[in-house]
Amino acid sequence: MKQSLIGALCVIVGVGSAFAQTPAKKPATKAAVKATPAPAAEVKDAATLEFEKFRAEMEDSNPAELFEAKGEEQWKAKRGPKNVSLAETCDLGQGIGKIEGAYVKMPRYFSDADAVMDAERRIVWCMVEKQGYKFDDIAKQPFANETFTPDITNLVTYVAGQSRKMKIDVPLKDPKVREAYEMGKAIAAYRAGPYDFSCNTCHGVDGKRIRMQNLPNLSTPQGAMSGVQGWPGYRMTGGVMLTHQWRMGDCFRQQRFPQPKYASDAVAYLLTYMIGNANGQVYKGPGIKR
Amino acid sequence: MTTKIFKAAAMGSLMLMAALPAAADTTHRAKAIAVIKKDFQPRGQAGLDRLAEDGLQAICNRTGNNPPAAIANQMQADQLAGVKFPADGKLLGDWKEGEKIAQSGRGFTWTDNPGLPVGGNCYNCHQIAPKETSFGTVGPSLYQFGKLRGNNPDIQKYAYSKIWNAKGFNLCSEMPRFGHVGALNEQQVRHLVALLLDPESPVNK
Amino acid sequence: MNTTRRTVLKSATASGVLAGLIAAGALRPTQVLAADWNKAAFEAHDTAGALKGIGAGTPAESKDLILKVPDIAENGAVVPVDVVSNIPNTSSISILVDKNPSPLCAHFDFANGALADVSARLKMGQTSLVKAVAKADGKFYTAQKEVKVTVGGCGG
Amino acid sequence: MADPMKIRAQLKGDVTEVRILMGHAMETGQRKDAAGKTIPPHFIQSMTVDVGGKKVIDGQIGTSVSRNPVFGFKMKGAKVGDKVVVSWIDNKGDKRTDEVAVA
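Protein chains in written order, with this note's numbering: chain A, 1007 to 1296; chain B, 160 to 364; chain C, 664 to 819; chain D, 36 to 138.
Everything labelled a hint here was simulated from the structure, so no lab data went into it.
Take the hints with a grain of salt, since some may be wrong.
To be verified - Simulated pairs of lysine to aspartate or glutamate, EDC-like, Cα-Cα distance not exceeding 20 Å:
| # | chain 1 | residue 1 | chain 2 | residue 2 |
| --- | --- | --- | --- | --- |
| 1 | D | 111 | C | 780 |
| 2 | D | 109 | C | 727 |
| 3 | B | 197 | A | 1142 |
| 4 | C | 762 | C | 699 |
| 5 | D | 127 | D | 38 |
| 6 | C | 731 | A | 1056 |
| 7 | A | 1290 | A | 1058 |
| 8 | B | 316 | B | 271 |
| 9 | A | 1059 | C | 809 |
| 10 | D | 89 | C | 772 |
| 11 | D | 72 | A | 1152 |
| 12 | B | 197 | A | 1256 |
| 13 | D | 109 | A | 1066 |
| 14 | D | 109 | C | 772 |
| 15 | D | 114 | C | 780 |
| 16 | D | 67 | A | 1152 |
| 17 | B | 316 | B | 359 |
| 18 | A | 1104 | A | 1094 |
| 19 | D | 109 | A | 1063 |
| 20 | B | 190 | A | 1120 |
Note that the structure is predicted; figures quoted are calculated from it, not measured.
Chain A with its partners taken away, still in its complex shape (with noise of 0.2 Å):
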């Protein structure tokens, strides 16, 4: 009974655990209230200094790692049916097969592709024009659940890996991405949907939180930057490896919108804005979520 409980809980993913009911949580803030009447925001802070505590020696051994080893053996496997291998044809906006330092300076414009691109949607591309798979097919099931992983979850992750400790570095000057930049810049601030909620409505303004979640503001460059920082990430919840593009899609779904398309423009345009917003901060890799 109680383990079955607690397997639904598993399934609640993202910050979706801070909107819905969270039954286990209680003897925790029961304990909380029990050691300090004071107001809650003392009881998080030390809260999450414990986190903090573990965070290094979590990010030290990252089972992410595991996923990006897959990557690396799919990026240059030959593979498809082209049956070439991505590392031989696919160019991040570095050159064919160059990715160090390629996923910080995504999202960016592809003139073959005539399109603003984050990574994710650049390596799918590569994938359909390249090795020729179905983008369909691809988008059917792109993101990771606790029984499977796409290979598009694992060549994301590699590609981040290679970008590890490197400024975030948009190319926020070339036009293209700059229009880019402020269409994802209205599509965060736009209300709509029976809640009247926009991307803005939790994070468009500094040291707000949902429950005990902090709210960053992604209009800041730290705001941003911690939208953007662990991901690809490594959700504890599940043990499942999720992209960027899952984290938007789980935002719209808790603004109660419909979905958004995989690796379709406005997924692109609103990474563009955020993570536009995060230049010069520097990226860690690949991390581990919640």
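Put chains B, C and D on the given structure of chain A with help from the hints.
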């Protein structure tokens, strides 16, 4: 269901929108809306109808949530006029039920079962009863709400109306219009009123 | 529960599969020894049963056994734990989560220069005591600490 | 076939630190899938660490170890270049052996 309400609200505000300066709708916004319309797909209970702005959303979006006072006042009055009160006139329900509703954050997402009741999401953004230390800070603290304001019929009506449709008081408030969009019914809203105002509620202890 | 499955598995792994692998030279002898899984201890549903299973009985509390766990786990699905024994001649360390359906999480035997210092990551279904048990010169010692769980781990 | 492990073995002073990352579902047998069906248990039961041809760690593992397990061990007496061999076997008989040299 929500679509119908959106449409009704949109009608009333069409003329108001015409009064806004044309420059308020930037080319980026117009293009962004086109991208949104093109790049979303329905999933679960979240249909594409949710992407359409109703009149209020359009005004807030176009003005950066800072509409001219004349428009704001008139539209707020419209929103407030739509608040539906219980037929028996009783606005104070059971605070214990209210607490349960305040705790739940479920409802309206594409992963929620549309057949299940929708939560009030209250603790996501507000401090309320002191026992719950896991609360958000997007909205103001509601701890001691009734203790500070009393529990007279006017306060009850205010609290009820605010939960039903926060936009009746602040047009571009970040708080959802829980009653207005059919997320919470009269019964649920008055339980929440009790959570805030009942002297027996832990909020006021 | 499900004894049939276990019996089948046990016979398959312990005798059939492994014998085949040894014959094929795929496994070296040490690995075969490792397959000697302490079923009674790992499938015990309470800490007392698990302790009995590893032969620890009622271990004595020791300040020389250091258990490092978070006060509050960020996620019960992944709780980092680190155990160091400063008790001379420590030959094994076991880690238990009191309130998990099967409390015994892991057991390590040390040899050939291994230090009594291990780290692992555990699932915790709820707030619980985490225990370390060390064996040294045939005696058992223990240390424990409570870990508060804010989001439960997946069925652990 | 099981995915490769990631193993790191570093000599710091006279102590060698070994970190191991294993790709495994570590199913408890108590979870249910979306359709309400119990997911059968599938977890690593045993693991060994051999360094320089000698068994250093003999480990037994239960279902309470996290998915995609991470372990850390320390030892004395190893030198740079020594071969570190890690093996595991799970309750279904799946197994994996990987190795790395002490760096």
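Hints, one by one, checked against the model:
1. For the proposed pair residue 111 (chain D) and residue 780 (chain C), the alpha carbon gap of about 11 Å is at most 20 Å, so the pair holds.
2. Distance hint between residue 109 (chain D) and residue 727 (chain C) is fulfilled; the C-alpha atoms sit about 17 Å from each other, no more than 20 Å.
3. Proximity of residue 197 (chain B) to residue 1142 (chain A) is assessed by CA-CA distance (about 17 Å); at most 20 Å being required, the pair is judged to hold.
4. Straight-line distance between C-alpha atoms of residue 762 (chain C) and residue 699 (chain C) comes to about 25 Å, which puts the hinted pair past the 20 Å bound.
5. Between residue 127 (chain D) and residue 38 (chain D) the alpha-carbon distance is near 15 Å, which keeps this suggested pair within the 20 Å criterion.
6. The straight-line distance between the Cα atoms of residue 731 (chain C) and residue 1056 (chain A) is roughly 12 Å, inside the 20 Å bound, and the hint therefore holds.
7. Distance hint between residue 1290 (chain A) and residue 1058 (chain A) is fulfilled; the C-alpha atoms sit about 15 Å from each other, no more than 20 Å.
8. Note on residue 316 (chain B) and residue 271 (chain B): the hinted pairing is violated, with a Cα-Cα distance of about 31 Å set against a maximum of 20 Å.
9. Among the hinted pairs, residue 1059 (chain A) with residue 809 (chain C) is consistent with the structure: their alpha-carbon atoms are about 17 Å apart, no more than 20 Å.
10. Proposed proximity of residue 89 (chain D) and residue 772 (chain C) is supported: the alpha carbons are some 13 Å apart, at most 20 Å.
11. Restraint check for residue 72 (chain D) and residue 1152 (chain A): the C-alpha separation of about 14 Å stays at or below 20 Å, so the hint holds.
12. Distance check on the hinted pair: residue 197 (chain B) and residue 1256 (chain A) sit about 19 Å apart at the alpha-carbon level, within 20 Å; holds.
13. Straight-line distance between C-alpha atoms of residue 109 (chain D) and residue 1066 (chain A) comes to about 16 Å, which keeps the hinted pair within the 20 Å bound.
14. Between the alpha carbons of residue 109 (chain D) and residue 772 (chain C) the distance comes to roughly 13 Å, so the proposed pair stays at or under 20 Å and holds.
15. Of the pairs offered as hints, the one joining residue 114 (chain D) and residue 780 (chain C) holds, with about 19 Å between alpha carbons and a cut-off of 20 Å not exceeded.
16. A distance of roughly 12 Å separates the Cα atoms of residue 67 (chain D) and residue 1152 (chain A); the hinted pair therefore holds under the 20 Å criterion.
17. Taken as a hint, the residue 316 (chain B) and residue 359 (chain B) pair is honoured in the structure, with Cα atoms around 19 Å apart against an allowance of 20 Å.
18. In summary, the hint linking residue 1104 (chain A) to residue 1094 (chain A) is supported, as the alpha carbons are separated by about 9 Å, within the 20 Å threshold.
19. Simply put, residue 109 (chain D) and residue 1063 (chain A) have alpha-carbon atoms about 16 Å apart, close enough for the 20 Å limit, and the pair holds.
20. Between residue 190 (chain B) and residue 1120 (chain A) the alpha-carbon distance is near 17 Å, which keeps this suggested pair within the 20 Å criterion.
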